[in-house]
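Make a model of the complete structure from these sequences and hints.
Chain by chain, the residues:
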Amino acid sequence: MVGGLRLRGIRKSFGAQEVLRGVDLDVAPGEVVCVIGPSGSGKSTLLRCVNHLEPVDAGFVLVDDSLVGYEHRDGRLFESSERDVARTRRRMGMVFQQFNLFSHLTAVRNVTLGPVRVLGRDPREAEQEARGLLARVGLAAHADKLPAQLSGGQQQRVAIARAMAMKPAVMLFDEPTSALDPELVGEVLTVMHDLAAQGMTMIVVTHEIGFAHDVADTVVFMDEGVIVESGPAEQVLLSPKSERTAAFLAHVRRHPRKEHDHA
Amino acid sequence: MLDTLHTLEVVRRRGIVSRWGVGAVLVAVVGWLGCTVAVSPNLEWTVVGRYFLATPVIEGVGVTLVLTFATLGIGLVLGAALAMMMQSRNPVLSAAASGYVWFFRGVPLVVQIVFWFNLSLLFPTLGFAPTNQVVTPFLAALLGLGLHEAAYLAEIIRGGFLAVPRGQVDAALTIGMTRATATRTIVLPQSIRVILPALGNQFILILKGTSLVSVIGGGDLMTRAQQIYGQNYQVIALLLVATGWYLVLVTVASIGQRFLERWAVA
Ligand SMILES: Nc1ncnc2c1ncn2[C@@H]1O[C@H](COP(=O)(O)OP(=O)(O)OP(=O)(O)O)[C@@H](O)[C@H]1O
Ligand SMILES: [Mg+2]
Numbered sequence: 001m002v003g004g005l006r007l008r009g010i011r012k013s014f015g016a017q018e019v020l021r022g023v024d025l026d027v028a029p030g031e032v033v034c035v036i037g038p039s040g041s042g043k044s045t046l047l048r049c050v051n052h053l054e055p056v057d058a059g060f061v062l063v064d065d066s067l068v069g070y071e072h073r074d075g076r077l078f079e080s081s082e083r084d085v086a087r088t089r090r091r092m093g094m095v096f097q098q099f100n101l102f103s104h105l106t107a108v109r110n111v112t113l114g115p116v117r118v119l120g121r122d123p124r125e126a127e128q129e130a131r132g133l134l135a136r137v138g139l140a141a142h143a144d145k146l147p148a149q150l151s152g153g154q155q156q157r158v159a160i161a162r163a164m165a166m167k168p169a170v171m172l173f174d175e176p177t178s179a180l181d182p183e184l185v186g187e188v189l190t191v192m193h194d195l196a197a198q199g200m201t202m203i204v205v206t207h208e209i210g211f212a213h214d215v216a217d218t219v220v221f222m223d224e225g226v227i228v229e230s231g232p233a234e235q236v237l238l239s240p241k242s243e244r245t246a247a248f249l250a251h252v253r254r255h256p257r258k259e260h261d262h263a
Numbered sequence: 001m002l003d004t005l006h007t008l009e010v011v012r013r014r015g016i017v018s019r020w021g022v023g024a025v026l027v028a029v030v031g032w033l034g035c036t037v038a039v040s041p042n043l044e045w046t047v048v049g050r051y052f053l054a055t056p057v058i059e060g061v062g063v064t065l066v067l068t069f070a071t072l073g074i075g076l077v078l079g080a081a082l083a084m085m086m087q088s089r090n091p092v093l094s095a096a097a098s099g100y101v102w103f104f105r106g107v108p109l110v111v112q113i114v115f116w117f118n119l120s121l122l123f124p125t126l127g128f129a130p131t132n133q134v135v136t137p138f139l140a141a142l143l144g145l146g147l148h149e150a151a152y153l154a155e156i157i158r159g160g161f162l163a164v165p166r167g168q169v170d171a172a173l174t175i176g177m178t179r180a181t182a183t184r185t186i187v188l189p190q191s192i193r194v195i196l197p198a199l200g201n202q203f204i205l206i207l208k209g210t211s212l213v214s215v216i217g218g219g220d221l222m223t224r225a226q227q228i229y230g231q232n233y234q235v236i237a238l239l240l241v242a243t244g245w246y247l248v249l250v251t252v253a254s255i256g257q258r259f260l261e262r263w264a265v266a
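Just so you know, the sequences run in chain order A and B.
Residue 1 is where the first sequence starts when you use full-length UniProt numbering, and the numbers rise one by one after that.
Residue 1 is where the second sequence starts when you use full-length UniProt numbering, and the numbers rise one by one after that.
It should be emphasised that the hints constitute simulated quantities derived from the structure, not laboratory data.
Every value quoted in this text rests on a predicted model; they were computed, and no experiment measured them.
C-beta: ideal position from N, C-alpha, C; glycine also.
You may find that some hints are simply not true.
[Said to hold, decoys possible] Taking beta-carbon pairs under 8 Å as the criterion, some of the chain A residues facing chain B (in silico):
{"hint": "1", "residue": "Glu82"}
{"hint": "2", "residue": "Ala86"}
{"hint": "3", "residue": "Arg89"}
{"hint": "4", "residue": "Ser103"}
Structural data, given as structure tokens:
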């Protein structure tokens, strides 16, 4: 089974502000990890460091034992060439809060672009597969629409299909439902639920405590750039060891959608 | 009373000045000006008619068009490169591009044209050939116009890039594209919509800007008009010939622009 992740000693600063202050995290193949934590605690930055969208200042990320973004030579880590970084990145799909669909391309073109342009797949085969993927996320009838013609929930499902088309070993989700109207959250969570059930390795930053409870194997609570607490979902969500975790969970349960209204 | 209100005719306010009044004044002023010029004994309409389609004038129109398209071509290629450099995370590249834009946008176009024309004063020879043989008036004109235009187009193209949400580039990177591929397949096609209207405007500016090359005898429409009135002293008549042609070219360009925009939005 593939899709294991190991993060060690991840540090990242923006200017004088240290946003990640030494993060260690292990994700086993097929494991689903939900990351929760207050706004500004560094959750998005952590995900962006995992696939080298943000280069780390210290520490490293391993996907199935290969380094992300760096090469190990002469006792040092050298940043890889852009081409090599891109090659490693395709092993990790990413889904963003704001969907980030390519707005000049139809849903199906959004999904085929990676396989055709990056993997050099045959366009017709890629399209067939893309339509299959779109059908799996319940969008068979919307494949030829532009993003602007789709609802937020539909756009996010296209974004998931786009990431899946690259056959990634790991999927990273950054608050995939935070920008959605409440009635559209369910359809996206259902798709993610299915992915988890099929054994996809996933890291999900979310404020959906219910989803974390149902789907996550492990829940990680982050605050101020460090992992404060991590453990089996049931334990962290229902009987947290840290007071900060407990306070955060109480806050989120009181204001279920407040935490992400900053979007 | 209230139940009959809806049957009454509505009279809208017209504003303080009436349309008819303004129209009448305009027609009178423009008509009077036009007539005085048209019937002036000093303006020979037969001269205008004779030269409008004369060979040197037509050749001049040809040179003007070639200069315009070549300038646009140089400006687009160089401007796109500069715009990408300005976006680069490499501080040397972005500073170099910003410096280019600062300089070539800041120096008057006519100065640049005259400079390239007189390059031989600085470097008498280029390689083995005398500079004056390599840098012909046409090439000097092209260099001056193209390098100047690149600075403007760089800013316009950069503005177009900025109109594409950054998140889409992130998304492109996560499906394994390099930055260059993401720029070509995601950013460029979407920025065209923002760039195109400004580009049409710029095209018309270049079209008229080419007339500046007449200061070095660049052979364009304006140069030819000057050469002809230098011999027959019919200055106004030949300016009218040139004006007529510029208006024709600008009109065609404007219509082309509307079509292009409609195509780009579709
Ligand atoms: N590109 C950047 N440049 C400068 N500062 C940044 C950048 N990205 C993030 N930050 C800062 O890093 C801190 C952590 O940001 P991050 O987006 O990782 O938090 P988060 O936990 O995802 O929060 P949220 O729940 O609001 O999404 C914030 O203070 C943010 O302002
Ligand atoms: Mg975030």
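What are the numbers of the hints the structure violates, in ascending order?
-> none
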